[in-house]
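**Student:** Here the protein sequences line up with chains A and B, keeping their order.
All residue numbers for the first sequence refer to the UniProt record's numbering, where the first residue is 1 and numbers rise by one.
All residue numbers for the second sequence refer to the UniProt record's numbering, where the first residue is 1 and numbers rise by one.
I should point out that these hints are in silico values taken from the structure, not numbers from a laboratory.
Take these hints with a grain of salt, some might be off.
To be verified - Below, a list of computed lysine-lysine pairs in the DSBU-like style, where the Cα atoms sit at most 30 Å apart: (1) A:134 with B:122; (2) A:150 with A:134; (3) A:140 with B:40; (4) B:40 with A:134; (5) B:69 with A:140; (6) B:63 with B:122; (7) A:140 with B:182; (8) B:37 with A:150; (9) A:134 with B:103; (10) A:132 with B:7; (11) B:69 with B:7; (12) A:134 with B:46; (13) B:103 with B:69; (14) B:103 with B:46; (15) B:37 with A:134; (16) B:7 with B:46; (17) A:153 with A:132; (18) A:140 with B:46; (19) B:7 with B:37; (20) A:132 with B:182; (21) B:112 with A:140; (22) B:69 with A:153; (23) A:132 with B:46; (24) A:150 with B:122; (25) B:37 with A:153; (26) B:63 with A:140; (27) B:122 with B:112; (28) B:112 with A:150; (29) A:153 with A:134; (30) B:103 with B:63; (31) A:132 with A:150; (32) B:7 with B:40.
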Amino acid sequence: MTSEYRPRIIVNGTRRTRTFHYFYCRHCSRTIRLRNYGLYGPLCPFCSREINLHDELDIMRLNQPYWDTDTDWITLHLINSTRSNRFNHELVNTDDEFADVLPNERAGPPPASPFAIEAVNTVTISEENLAKEKVCAICKEEFEVGEEGKELKCLHLYHPSCIVSWLNIHNTCPICRSEVSIGVSRSPIDEGRSHNLDNVRSNRVRTRVCSLWPLQMMFDWVHNLLDVRITNKQ
Amino acid sequence: MICADLKVVRLILYLSWRDRLLCANSDMQQSRARLFKEYKEVQREKVADPDIQLVCDDTNIFKWTALIKGPSETPYEGGVFQLAFAVPEPYPLQPPQVRFLTKIFHPNVHFKTGEICLDILKNAWSPAWTLQSVCRAIIALMAHPEADSPLNCDSGNLLRSGDVRGFNSMARMYTRLAAMPKKG
């Protein structure tokens with residue numbers, strides 16, 4: 001009776017009542033097989049780390065064997081993954097030059113908000129600045145006296161275009177990693193704390209909406225256009 | 001009326017898309033300029049750091065290889081390890097992709113693919129790093145393996161279970177096999 005309720009799998013055409021779960025362990029990058037997993041979720045028998053349930057492999061796919069022509073590897077597909085190709089690739093270990101990195105591994109700190117970017121101090125580079133920093137850490141070009149530069153709150157100096165393109169991706173100083181945020185240097189008009197908080201919140205929502213790809217593109221473009229007009233007028 | 005609005009929006013979207021493409025192109029020029037700077041820097045500093053030999057591909061400035069010497073007082077001492085760099089177009093905003101071409105037994109290097117698990121090559125990247133300093137970071141990683149985030153589990157497990165001797169002899173064996181000139 002109970003076997004009726006047990007999930008069954010078909011392996012190579014034969015129906016099996018014993019249910020194995022196949023997982024891919026990201027820590028030791030290999031496939032593992034578990035009969036059952038206890039209260040604490042599946043653990044890898046090799047590195048005894050927790051396994052993400054999303055990394056369960058779709059063993060049913062074995063019905064349509066997936067043999068590589070020149071190697072004897074079986075390729076397994078992850079059930080809930082659009083990136084299953086990546087894992088095939090890792091299991092099979094082809095001669096491809098670089099396995100691509102998981103996007104969330106590469107994520108790092110979030111982008112700075114447009115307001116924070118605008119709030120960065122613009123300075124004209126003087127001899128004093130040059131004594132402290134000779135080259136822009138991003139493009140490695142030397143600074144010149146009289147040139148325009150952007151100085152973060154941590155007093156690190158960059159070319160405006162260089163630092164803006166970095167802050168659009170990550171909100172940290174490339175040299176010292178201190179966070180670039182709105183607030184301190186901008187000192188918004190004090191109209192009571194609650195109002196301020198609301199403002200911050202609505203700003204955050206606005207930033208999030210604005211950073212959607214097509215919208216951001218549009219805003220950037222309009223912004224640039226306005227900038228060009230203003231400079232032309234001057 | 002709405003139709004006209006839609007047209008305007010479409011025009012703006014198109015123009016911004018075109019600008020984006022142009023920007024992408026300028027990205028590439030910026031990374032080229034920066035890589036060229038690094039190339040000159042490498043030529044100048046060749047003598048300064050004898051442990052690293054960084055060479056740019058003759059035809060493609062986005063492909064580099066490096067030879068690094070295994071740090072002393074580690075099982076990699078005496079070995080010369082080859083690294084392959086693939087620099088992405090948005091460099092230095094994105095980290096270069098680096099892997100070992102020489103087989104190495106190290107907890108943070110994938111034994112088969114040579115992929116390296118190093119934070120500065122992933123989420124802790126900063127454009128202030130250069131290819132040269134990445135090489136230095138990799139040498140430092142060789143001297144101080146992080147057994148808690150292993151890509152090579154066998155090696156990580158040896159270290160985590162406290163079998164330093166076992167780890168050292170395995171690592172030394174692979175250094176001899178793969179990273180040293182064959183004798184006789």
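**Student:** Find the hints from earlier in the document that the structure breaks and name them by number, from lowest to highest.
**Tutor:** 7, 9, 10, 11, 16, 19, 20, 21, 22, 28 and 32
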